[in-house]
Amino acid sequence: MHTYSAPRAVTLACAMCVLAACSSDPVHRQESFDPKSPYQYRIPAEPGLACNAAKLTLLGQGYVIDTPSQNQLKGSKSFQPEADRHVILDFNVHCVGTRNGTMLYANATESRFDLKKNSQSAGISIASVGGITLPWGTSSESLVKVAGLTVSDPQFYRRFYTLVEQELGINSQR
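This note's numbering puts the first residue of the sequence shown at 642, with every later residue one more than the last.
Source of the hints: derived by calculation from the structure; they are not laboratory data. Hints may be right or wrong, so weigh each one.
As the list claims (entries may be wrong) - Each computed EDC-like pair below joins lysine to aspartate or glutamate, with the alpha-carbon atoms no more than 16 Å apart:
1. K786 <-> E751
2. K786 <-> D725
3. K715 <-> E751
4. K718 <-> D707
Using the sequences and the hints, build the whole thing.
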């Protein structure tokens, strides 16, 4: 009859967890490079006009815009879904001219932040008496990024492209 000691069982459990973590597929293997990507959309307009329509679309939805170049823009919008949670949606658009219009390359990233509270109380240690904690201290709060991801929902981008087409006066047939 075999008996296992607690340290041996803990070591075995830790080893199994490490092996399980190593067996998951790396993220790059999940990248599909799908030709029907929601991140690109052809518009029958000149790049400058298409990018301006994208800019007006984002402005109309409450995004703060930064325009690093004529055919590129970045938008940012903040949300606070809960008292201790903050979400930032960053939207990037590149407008590239093609022989029959413009290809819009758009992607959005969502970053989530949680409010973390840190409390510190003052303490003094005297060798003969021991440690003494004094009744005053400091407390601070900070937003800590807890998650970030690229928005991959095709309907999210579909809504954006539809508004860009409306801004250009194009009736969407897609």
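Agreement of K786 and D725 with the hint, judged by alpha carbon distance not exceeding 16 Å: 12 Å, holds
Restraint check for K715 with E751, where alpha carbons must lie at most 16 Å apart: 13 Å, holds
16 Å limit on alpha-carbon distance, applied to hinted pair K718 and D707: 12 Å, holds
Straight-line alpha-carbon gap K786 to E751, limit 16 Å: Distance of about 11 Å is within 16 Å: holds.
Hint compliance for this structure: no hint is broken.
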